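Listed below, chain by chain, are the residues.
Protein chains: 2
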Amino acid sequence: MDKAYILSLIENALDTLVPESTMPYKALFSAARYSLLGGGKRIRPLLLIATVASLNGDINRAITSACALEMVHTYSMIHDDLPCMDDDDFRRNKPTLHKAFPEAHAVLAGDFLLTHAFLAIASDALLDDETKVKLISILARNSGSEGMIAGQIMDIEAENQTPTIHNIEMIHKYKTGQLITAAVTMGCVIANGTDTEMQLLCHYGDAIGLAFQITDDVLDVTNSQQKHGKSISSDAVNNKTTYATLLGIDVARAKAHALIESAKDALHRLERPSPLLQEIADSIRNRNH
Amino acid sequence: MDKAYILSLIENALDTLVPESTMPYKALFSAARYSLLGGGKRIRPLLLIATVASLNGDINRAITSACALEMVHTYSMIHDDLPCMDDDDFRRNKPTLHKAFPEAHAVLAGDFLLTHAFLAIASDALLDDETKVKLISILARNSGSEGMIAGQIMDIEAENQTPTIHNIEMIHKYKTGQLITAAVTMGCVIANGTDTEMQLLCHYGDAIGLAFQITDDVLDVTNSQQKHGKSISSDAVNNKTTYATLLGIDVARAKAHALIESAKDALHRLERPSPLLQEIADSIRNRNH
Numbered sequence: 000m001d002k003a004y005i006l007s008l009i010e011n012a013l014d015t016l017v018p019e020s021t022m023p024y025k026a027l028f029s030a031a032r033y034s035l036l037g038g039g040k041r042i043r044p045l046l047l048i049a050t051v052a053s054l055n056g057d058i059n060r061a062i063t064s065a066c067a068l069e070m071v072h073t074y075s076m077i078h079d080d081l082p083c084m085d086d087d088d089f090r091r092n093k094p095t096l097h098k099a100f101p102e103a104h105a106v107l108a109g110d111f112l113l114t115h116a117f118l119a120i121a122s123d124a125l126l127d128d129e130t131k132v133k134l135i136s137i138l139a140r141n142s143g144s145e146g147m148i149a150g151q152i153m154d155i156e157a158e159n160q161t162p163t164i165h166n167i168e169m170i171h172k173y174k175t176g177q178l179i180t181a182a183v184t185m186g187c188v189i190a191n192g193t194d195t196e197m198q199l200l201c202h203y204g205d206a207i208g209l210a211f212q213i214t215d216d217v218l219d220v221t222n223s224q225q226k227h228g229k230s231i232s233s234d235a236v237n238n239k240t241t242y243a244t245l246l247g248i249d250v251a252r253a254k255a256h257a258l259i260e261s262a263k264d265a266l267h268r269l270e271r272p273s274p275l276l277q278e279i280a281d282s283i284r285n286r287n288h
Numbered sequence: 000m001d002k003a004y005i006l007s008l009i010e011n012a013l014d015t016l017v018p019e020s021t022m023p024y025k026a027l028f029s030a031a032r033y034s035l036l037g038g039g040k041r042i043r044p045l046l047l048i049a050t051v052a053s054l055n056g057d058i059n060r061a062i063t064s065a066c067a068l069e070m071v072h073t074y075s076m077i078h079d080d081l082p083c084m085d086d087d088d089f090r091r092n093k094p095t096l097h098k099a100f101p102e103a104h105a106v107l108a109g110d111f112l113l114t115h116a117f118l119a120i121a122s123d124a125l126l127d128d129e130t131k132v133k134l135i136s137i138l139a140r141n142s143g144s145e146g147m148i149a150g151q152i153m154d155i156e157a158e159n160q161t162p163t164i165h166n167i168e169m170i171h172k173y174k175t176g177q178l179i180t181a182a183v184t185m186g187c188v189i190a191n192g193t194d195t196e197m198q199l200l201c202h203y204g205d206a207i208g209l210a211f212q213i214t215d216d217v218l219d220v221t222n223s224q225q226k227h228g229k230s231i232s233s234d235a236v237n238n239k240t241t242y243a244t245l246l247g248i249d250v251a252r253a254k255a256h257a258l259i260e261s262a263k264d265a266l267h268r269l270e271r272p273s274p275l276l277q278e279i280a281d282s283i284r285n286r287n288h
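Chains A and B supply the protein sequences, listed in that same order. FYI, numbering that gives the first Met the number 0 numbers position 15 of the first sequence as 14, with every residue one higher than the one before it. FYI, numbering that gives the first Met the number 0 numbers position 232 of the second sequence as 231, with every residue one higher than the one before it.
If you are wondering where the hints come from, they were derived from the structure by calculation, not from laboratory data. One or more of the hints may lead you astray.
Identical chains share a label here; the pair holds if one copy fits it or two copies do between them.
Here are the simulated DSBU-like cross-link-like pairs (lysine-lysine), alpha carbons at most 35 Å apart as the crow flies [stated by the list, open to error]:
1. K2 <-> K98
2. K25 <-> K254
3. K25 <-> K98
4. K98 <-> K263
5. K40 <-> K25
6. K40 <-> K133
7. K133 <-> K172
8. K25 <-> K133
9. K2 <-> K25
All of these numbers come straight from a predicted model, not from anything done at the bench.
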């Protein structure tokens with residue numbers, strides 16, 4: 000299963016699920032598409048589809064759910080960038096949504112993408128109702144109060160404090176990790192994975208999720224605005240303690256490396272080889288933007 | 000079926016579905032509960048449960064969905080009150096959420112309530128998966144780009160213009176009406192209503208939804224801050240054309256009256272009498288806050 004091919008499936012499906020629209024909703028769809036289709040690594044949808052492929056499932060049944068996951072990720076970025084949150088002006092090398100559109104449109108486009116994610120899964124003609132309900136539950140739980148939003152609140156409350164490494168790991172686990180874990184869990188549900196497969200893939204998801212965030216912390220310190228595609232070191236501006244500022248860049252990099260090895264160990268214990276999941280793990284370790 | 004009894008069921012269920020929480024999520028739940036449990040007329044959940052009762056359905060199967068609908072309504076109020084949207088300081092006779100908590104908490108509490116609404120329906124042990132998927136679809140569609148959020152975008156884009164009565168009705172239909180219609184439609188699904196019942200109840204829902212918004216426009220002009228429970232005439236401050244400012248208060252009142260009569264006509268064509276749905280219609284016509 001070729002990564003470039005899967006990425007093209009994702010881009011086409013996103014374009015179809017959130018199409019250009021005519022009046023009177025034109026502004027809403029334009030704003031949503033500005034952020035949703037504006038590039039991005041597509042890590043989460045790629046992971047979901049790669050998980051289904053690794054379990055020999057039908058990837059056609061995974062595409063809409065993968066896009067729903069990307070909609071949820073995109074909405075969280077839009078709201079996270081708002082002036083009252085991280086107040087970021089750039090993302091993916093272009094102005095954030097509230098800089099390119101009125102701020103109200105950014106709030107509403109975020110709300111729309113979150114809502115539309117659940118509608119997309121509920122409307123997926125290739126899935127039975129039992130599967131849809133499971134997927135909606137995972138997506139809501141891992142992006143809500145037991146996942147991403149809880150992590151965002153913890154993150155805000157930790158600002159201007161000096162959290163411990165344990166606090167930072169908890170924030171990462173919730174704010175970023177739970178949605179990455181959702182990708183593999185949803186993939187397991189779509190492909191009817193066994194309990195053992197679910198456990199191994201969840202370990203893989205948890206490990207690469209934390210590694211992803213640690214490398215993000217490292218990049219936030221080391222990279223230029225141009226390379227990273229968002230304002231340089233907004234964490235530093237916000238006086239935020241991160242893995243990289245607390246332990247130093249070398250220790251943080253070593254930790255990310257160990258997590259990626261652990262994730263790949265879990266993959267090796269699956270029955271079928273999963274070169275794409277391995278490639279994704281390696282790409283997180285090696286990423287420079 | 001007694002209105003006060005149903006209201007107590009709703010309050011208890013909301014309190015259970017969004018409970019007091021301990022750290023680390025405490026601030027998220029506190030903020031959500033501040034708005035969700037802070038009073039309110041509970042029109043939408045009441046309508047949903049009254050619809051199920053009118054069709055002789057089991058109201059126990061309706062309570063969680065009714066609360067989910069109220070969560071979606073509450074999130075929309077929280078985001079609508081934000082400085083970049085309507086910039087309202089008071090609602091339900093107390094400071095709006097972004098005045099009582101940091102603005103970031105208001106954004107996230109809104110996001111949480113929207114997410115949690117879908118989780119609540121997906122987790123409802125009294126409903127089968129087919130019903131859950133139908134309910135989630137209606138809620139997402141009517142609160143999203145084919146409903147409430149579309150109406151909010153239209154509303155924003157209409158500011159500082161002079162819209163026609165047709166434009167204003169469209170905005171009302173989407174911004175407010177679609178979620179009220181969702182209440183009766185979801186009720187029909189839970190009670191397995193016939194197509195004819197669905198049509199009659201949708202007509203009822205559409206009519207009282209528009210009447211509700213027209214009386215809101217009238218109250219926005221006529222009432223004091225104390226009675227109405229939110230900042231006086233934020234529409235006037237925002238230079239917004241409404242039913243009441245365009246046609247005058249008397250014509251607007253007459254229109255609301257005619258809509259309520261039409262809604263009650265639809266009820267009379269149902270097989271069973273539905274005193275509570277009639278009472279809700281009358282309460283919209285007679286409301287003074």
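Hint check results:
1. K2 <-> K98: within (32 Å within a copy, 47 Å between copies)
2. K25 <-> K254: between (46 Å within a copy, 30 Å between copies)
3. K25 <-> K98: For K25 and K98, the Cα distance is within 35 Å both inside one copy (18 Å) and across copies (32 Å).
4. K98 <-> K263: Cα proximity of K98 and K263: none, with 40 Å in one copy and 48 Å across.
5. K40 <-> K25: Answer is both: 26 Å inside a copy and 33 Å across each meet the 35 Å cutoff.
6. K40 <-> K133: Both ways: K40 and K133 sit 26 Å apart in one copy and 33 Å across, limit 35 Å.
7. K133 <-> K172: both (21 Å within a copy, 32 Å between copies)
8. K25 <-> K133: both (32 Å within a copy, 27 Å between copies)
9. K2 <-> K25: Only inside one copy: K2 and K25 sit 32 Å apart there, 41 Å across copies, limit 35 Å.
In this structure, only the earlier hint numbered 4 is contradicted, and the remaining ones agree with it.
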